Amino acid sequence: MTDSTAEFFQELGGRGHEPLLEKATGIVRFDLVDGKRTERWLVTLDRGDVSVSRKNAAADCIVRADRTLFDAMARGDVDGMAAYLRGELTLEGDPELLVLIQRVLPGPVTRGAPHRGSAGGSDRR
Amino acid sequence: MSDDLVKILDGNTFVVSDGRGDIEASLTDPTGLFSFDTRFLSKWVLTVDGQRLNPLSVDDLHYFETRFFLVPGTGTVYVDAKLSVIRQRAVGDGFREQLTILNHEDKPVDLTVRVEAASDFADLFEVKDALEKKGKYSSRIEGGKLLLAYERQTFTRSTAISASAPARLDKNGLTFKVRLEAHGKWTTEIEVSAQGGQSAETHKRRRENMEGNLERWVRGAPRLECDWEPLRITYRRSLVDLAALRYSPPITPGKSLPAAGLPWFMTMFGRDSVFTSLQALPFTPELAATTLRVLGLWQGTRVDDFRDEDPGRILHEMRYGEMTAFEERPHSPYYGCADATALYVVLLDEYERWTGDRKLVRELEPEARAALNWIDEYADLIGNGYVSYRRRNEKTGLENQCWKDSWDSISYRDGRLPGFPRATCELQGYAYDAKVRGARLAREIWKDSTFAAELEKQAAELKRRFNRDFWVEKDEYFALALDADGNQVDALSSNNGHLLWSGIVDKSKAKAVARHLMGPRLFTGWGVRTLAEGEGRFNPIGYHVGTIWPFDNSFIAWGLRRYGFKQEAAQIAAGILNAAAFFDGRLPEAFGGYQREATRYPVQYPTACSPQAWSTGAPLLFLRTMLGLEPVGDHLVVDPALPSGIGALALLEIPGRWGRVDAFARGEIDLNRRSELQPQLGAAEQVSARRR
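Protein chains in written order, with the numbering used here: chain A, 307 to 431; chain B, 852 to 1543.
Please keep in mind that the hints were generated in silico from the structure rather than gathered at the bench. Every value quoted in this text rests on a predicted model; they were computed, and no experiment measured them. Check before you lean on any hint, since a few could be wrong.
[Said to hold, decoys possible] Chain B residues, not near chain A, derived (Cβ > 12 angstroms throughout): (1) H913; (2) R1067; (3) R1070; (4) R1083; (5) F1434.
[Said to hold, decoys possible] Stretch-level coverage of chain B by chain A, calculated; a stretch enters the list once three of its residues show a Cβ under 8 angstroms from a Cβ in chain A: (6) 999–1009; (7) 1149–1155; (8) 1173–1184.
Built from N, CA and C at the ideal position, the CB exists for glycine as well.
When you get a sec, could you build the whole thing from the sequences and use the hints?
Spelled out as structure tokens, the structure:
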């Protein structure tokens, strides 16, 4: 089984600069709960420059969720905002950062909008 | 029914009760305490010695506060006036109710005061569609509070009720044993708090704040002086209602943008927020700035069929209730809207022209470019170069993604409905305007002349094709839409006015379009109907097929003005402002499209919601249009064309890139001289005189 959470964060960190996150400056910490263990991912955003680490540090926004839930989000199977409204995912700090993070989470597998150049299937602008 | 209901609100928390302050909701009845799309109280009934109370009067103190004067006993002519009961209620994160009882007798009395409380925690969608709940209810006493709760997996909502005076709490309410001395007074404050979701954390404004805030808001807007009193009343009402409709989304606390309307639409809507911000721009430009920022933050980035989301698309509607949380509805947010994306660019340009805030335009460059990209890459579903719509979420998505969103709004002259996709005409106008304005922003602010030239070329090309393909040659107006085969959906509609506003209409065709808008099939004397009399589906009280929408008319008048039809614009302004006087200055969403001579007063549409943001904004836009306010460079040009009945008018301290300037005008357009029309404005003076 692939580890979609780790893949997502590693890929995000590898982007270096992400235009969709240019509005964001701050540190978002993901506390992902897996039984008794809490796995932490620290995402540092500076006007679109993204870096990812596993440090446990103070953050502007802390996202708490079950590891399995976040795995599903990272695969595009679960919508982060709906999970937040359900109370499955909780937030501490600046909630705007979650809206921005959602921009880089994959969307659901879809038959897709009939748009020009849809053959490539890029789902990001 | 809804006329008797009392509504107070703050942001998206609101209370709807009957005239004595009681709430007795059923699944289909929209009374209750609502917050973030959930009903937190469905029962709230006050009795004294087991008796219901009888209302003497209701005072609306502020939009967020009201006072009920009550006496015991109902249903009889005789009213027992030995006791008075005063309920004063203010909305906050829930509401606070001060309950006062006065004894008018010269001997003591012992009373049992009871408040029955319950909640069904219905999602607004459930209230509208009468659906069943899936979670568990509970009720308990804890820490001196009555807690009503609802739980479905991790989704929890609760209502906490407590009182300042000693009370016996049980699972169904609060009981007070009260001894009142001769001519004595008893009082308690009951606090009802809506908890769960994000409401409690982000919704902590207090009343003192709210009063100061409202005063500052009204003081910050331009001051209107005017001989015609109903316009002063309407203006004041618009500013106060707009303050009430300001809404701070829980995800972006502290920033407010206009929500769409009470009670169903206290949330962020792309289209409504943009139109209202455009209307209010000369008065309260900060609403536009927030609308642009927040809608930009939520701009679509993915392809998601359930939410009808595409990259660059501006959202249609956001909801926070249970059904959205469990993805039984797609509103987290839902993107099925074909106009808001182009209108977003229109607002960004208009905002800069008024305020000179180049910083925001630079900040939102990626969002504006993505919106312009959406028009070309995702909105042309037919492949003919026009914006069209067809939902991908066929279960819970919206069928009609233009502002006339009811099932029968888009029809051929003979009443047939076209299939999908549908390319309605105003969408092409908005797309044209977005390209023209986008080009200006690209050239002047983003310093990208290549992109600017490309957009200008596309706009000119779109205009040329549009004037060929949508023009109904025989009768000289623009068809309502093109169907999927490219045939004209040929009904005559008010959408022609939006086309004038967008600038897509060839100069040579404008006169014929204006003639239709002001002709007897569309213009009633009060305003322009959504659909012309004589069309197959015309019905003067059909939601989008014959009623008059003040918002629609405000943009039609702006469009007429744009093409130089000053007198016609003034005439529409006069008709709608005249109608406003019949509604005490608060324009409804829509009113009946009957000829003015036939009814003499505007007939309110049966289920229209009120106050509604873009109706509230309409008088503001009419003021702009009548005064001919137009930013040119760093100056504000004033070129008034007012109906004579308005008399002298001054709009003082209009904010903008020029600082603050005043505009003065005198009504000189004599509408009454045109023999085919009823006297305008004069009639409303009589109305207000009668009411005094």
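Check: Would you say B/R1083 is clear of chain A, with no C-beta pair closer than or equal to 12 angstroms?
Finding: holds, 40 angstroms
Next item on the list: Check the non-interface label on B/H913: least C-beta distance to chain A beyond 12 angstroms or not.
Entry: holds, 29 angstroms
Next item on the list: Confirm or reject the statement that B/R1067 sits farther than 12 angstroms, beta carbon to beta carbon, from all of chain A.
Entry: B/R1067 clear of chain A: closest Cβ-Cβ about 25 angstroms, beyond 12 angstroms.
Next item on the list: Would you check chain A against the stretch 999–1009 of chain B, counting CB to CB pairs closer than 8 angstroms, and say if three or more residues qualify?
Entry: holds (count 4)
Margin query: Taking beta carbons only, do three or more residues of the stretch 1173–1184 of chain B come closer than 8 angstroms to chain A?
Written below: Per the Cβ count (6), the hint holds.
Margin query: Checking a non-interface call: every C-beta of chain A should be farther than 12 angstroms from the C-beta of B/F1434. Is that right?
Written below: holds, 36 angstroms
Margin query: Three residues or more, CB to CB closer than 8 angstroms: is that satisfied between the stretch 1149–1155 of chain B and chain A?
Written below: holds (count 5)
Margin query: Confirm or reject: B/R1070 is not an interface residue toward chain A, with every Cβ-Cβ distance exceeding 12 angstroms.
Written below: holds, 30 angstroms
Violated hints are absent here; each numbered hint is respected by the structure.
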